[in-house]
Amino acid sequence: MPISEASGTPASPAATRSAFVAVDVRSAGDAPADTIGERLRAELPELDGVVAQVGWVRDVPGLLDPAAPPAPAGPRAVSLLVGGIGGTESSLGVLLREGARREASVLALVAGEPRGDQGAWLRALLAPVLEEGYDYVCPAYGRHALDGALNTGVVYPLTRALYGLRLRQPLGGEAALSPAFARRLAADPDWKRDPEAAGSDAWLVAKALAGRVRTCQAWIGLQPRHAAEALDASHVVERVLGLVFREMERHTDRWQRVHGSEPVPSSGEAPAPSGEPPLPPVGRLAGVFQLGQRELAEIWSAVLPPATLLALRRAAALPPERLRLESGLWARIVYDFGVAHMVRTIERRQLLRSMTPLYLGWLASFANATKGLDPAGVEREVEALCQAFEREKRYAMARWRWPDAFER
Amino acid sequence: MWDKTKEILVESLDRMQQALARLLPALLVLVLILLTSLLVSVAVRATLRRVCARLEVDRRAREWGLVAPGRRSHPSLWVERLGGYSVLAVGLLMGLSAFAAGAASALSVRLIEYVPHVLLAVVILAAGIAVSRALERSVLIGAVNMGIQSARFLGLGVRWLVVVMAAAMALEHVGVGGAVLPMSFGILFGGIVVALALAVGLGARDMVARSLEKHFGRQPEAPADEEEKEEDLRHM
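These protein sequence lines are chains A and B, in that order. So the first sequence is residues 1461 to 1868, counted in our numbering. So the second sequence is residues 4 to 239, counted in our numbering.
One chain only, chain A, in its complex shape (with noise of 0.2 Å):
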């Protein structure tokens, strides 16, 4: 019930620093700011510190007046009810303009979903920031390479071959933020002239990225379950990669100059994931991915080189259990999709959908490889593809410049 000014507590009046958390919530009838309000208080005492409640959260009663003072008196929960996805209005928009409004010391934007007993996961997100004096906080969490296969498969490998930087887990949607760089964020000209695509994870990601602001990674536990995770495959292809590929092409001039990649600083350990791996059905996965291969590929033909075309004819003829789409083939065909984005060779939701097969037909293969592998065998896996994805990098560029070098 996070009504405004509902918990708080006076400040102490020594207190110089002080912290805005912003709460992402995106199922009403939680109360998570004033969860997030006792663990702020528990976990970072000397703080001074405010935390609003963003989202979609039309039934909460109390609005964060503007116009009101800030007058932080130790970590309260107020709410604050913002009506957008994107731009200003999206929940990193609002944690930027209040976060400034208030002089805080640290910008936090943190999932409201419940988490369980973490540990200091929130002091885990702010103290490099705080203490250490980074610019950009990005979280990790303990998870099985297959529980979020999209981020291990496409999201992580790009970024980091695209940025030159090991963030693991770049799209997890919460984050810390220094002021210097929440200003700049704010100050940037990209809430005016790409609204839509301002304030998402994508974007904040790669302004730090690209930005060469101070970046670091905290690893804060285990990731809390989004209710927007019931979405089926083709809508989070076309979501994630949408945002993704845009970024790519908002920052063309960077990452054509980045060569290879190195780890990013990191904080905490990786705690170890809980429960079994998931267990892709991969006969059901390679059955989508071999339909694709029957029906798109006028589709594909558009996007995608006819070798590329013809390692997927091979690759689909394989029954299920053998299915195997080689790293350097799959980089190629995500940085194809990336320049057929760019250039707009079919309308561009249409062509994230299409690429639906492809990224099951992948995860079918990636589930083939690492059948049986314990944890560390993944993990190389894992790198053995972010590496074709660098090694790739260069084909990337070529098709960049000319996309149209293949068209028949």
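Keep in mind that the hints are not guaranteed to be accurate.
Label pairs and their in silico Cβ distance ranges [stated by the list, open to error]:
{"hint": "1", "chain 1": "A", "residue 1": "Met1857", "chain 2": "B", "residue 2": "Leu138", "range": "35 to 45 Å"}
{"hint": "2", "chain 1": "B", "residue 1": "Arg53", "chain 2": "A", "residue 2": "Arg1861", "range": "22 to 32 Å"}
{"hint": "3", "chain 1": "A", "residue 1": "Arg1861", "chain 2": "B", "residue 2": "Gly180", "range": "50 to 60 Å"}
{"hint": "4", "chain 1": "A", "residue 1": "Arg1714", "chain 2": "B", "residue 2": "Leu191", "range": "51 to 61 Å"}
{"hint": "5", "chain 1": "A", "residue 1": "Pro1863", "chain 2": "B", "residue 2": "Leu58", "range": "47 to 57 Å"}
Hint data in this document are derived by calculation from the structure and do not stem from the laboratory. These numbers were taken from a predicted model, which means no experiment stands behind them. Yeah, the Cβ is synthetic: ideal placement off N, Cα and C, and Gly gets one too.
Dock chain B against chain A, hints included.
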């Protein structure tokens, strides 16, 4: 005899001369109108070319599936030609009417009045074909992602549904077909819908059954292991 022949020849030449004198102004008008329409046609083509380039018609047509991917087709060229030839056709009809021959003139006037209807019908048909191709691709991709085996058939069905509808509208607009048209359209439309229903029913029987059970609250039969696992899979 020679004098008589000469007289007839002169009379004949006189008659030809008079006929030519009567025709010449009209002929001159025809040539002038044709030349003017040729110039207007060139100007219209140049304008259309520029407008199409500004609006990126070729790229958009490729993006929306109006032309098959990979083919070197240029819809802007079709638009340009359509505009140019339409102006020439109108010019020719106007030129013919300058002869003032009753029947020819009336025919020309009727044809000129008909041209806008024909042009609009062509636009309706072209828009219908464009929409049908975009919808076909969308349905095809969606069906493949859902694992429906008859995805191609579904896409084609939707495409022809829209094409048939657009063709019926275009024909009705130019006044061809009369009462037969709505009836034929109804039969064709119904046939395609039945075919699509069969395609969905046969190609995605299991999926439809599961969906109905989920929506109407019936307990589904024990799902296969793979389906259970799939619901547990997180992509991000």
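Hints and how they fare:
1. The supplied range of 35 to 45 Å is met by Met1857(A) and Leu138(B), whose beta-carbon atoms lie about 36 Å from each other.
2. Hint check: Arg53(B) to Arg1861(A), Cβ distance near 28 Å, so the stated range 22 to 32 Å holds.
3. For Arg1861(A) and Gly180(B), the Cβ-Cβ distance of about 53 Å falls inside the hinted range of 50 to 60 Å, so the restraint holds.
4. The hinted range of 51 to 61 Å is satisfied by Arg1714(A) and Leu191(B), whose Cβ atoms lie roughly 55 Å apart.
5. Restraint check, Pro1863(A) to Leu58(B): a C-beta distance of roughly 21 Å breaks the suggested window 47 to 57 Å.
Hint compliance for this structure: hint 5 alone is broken.
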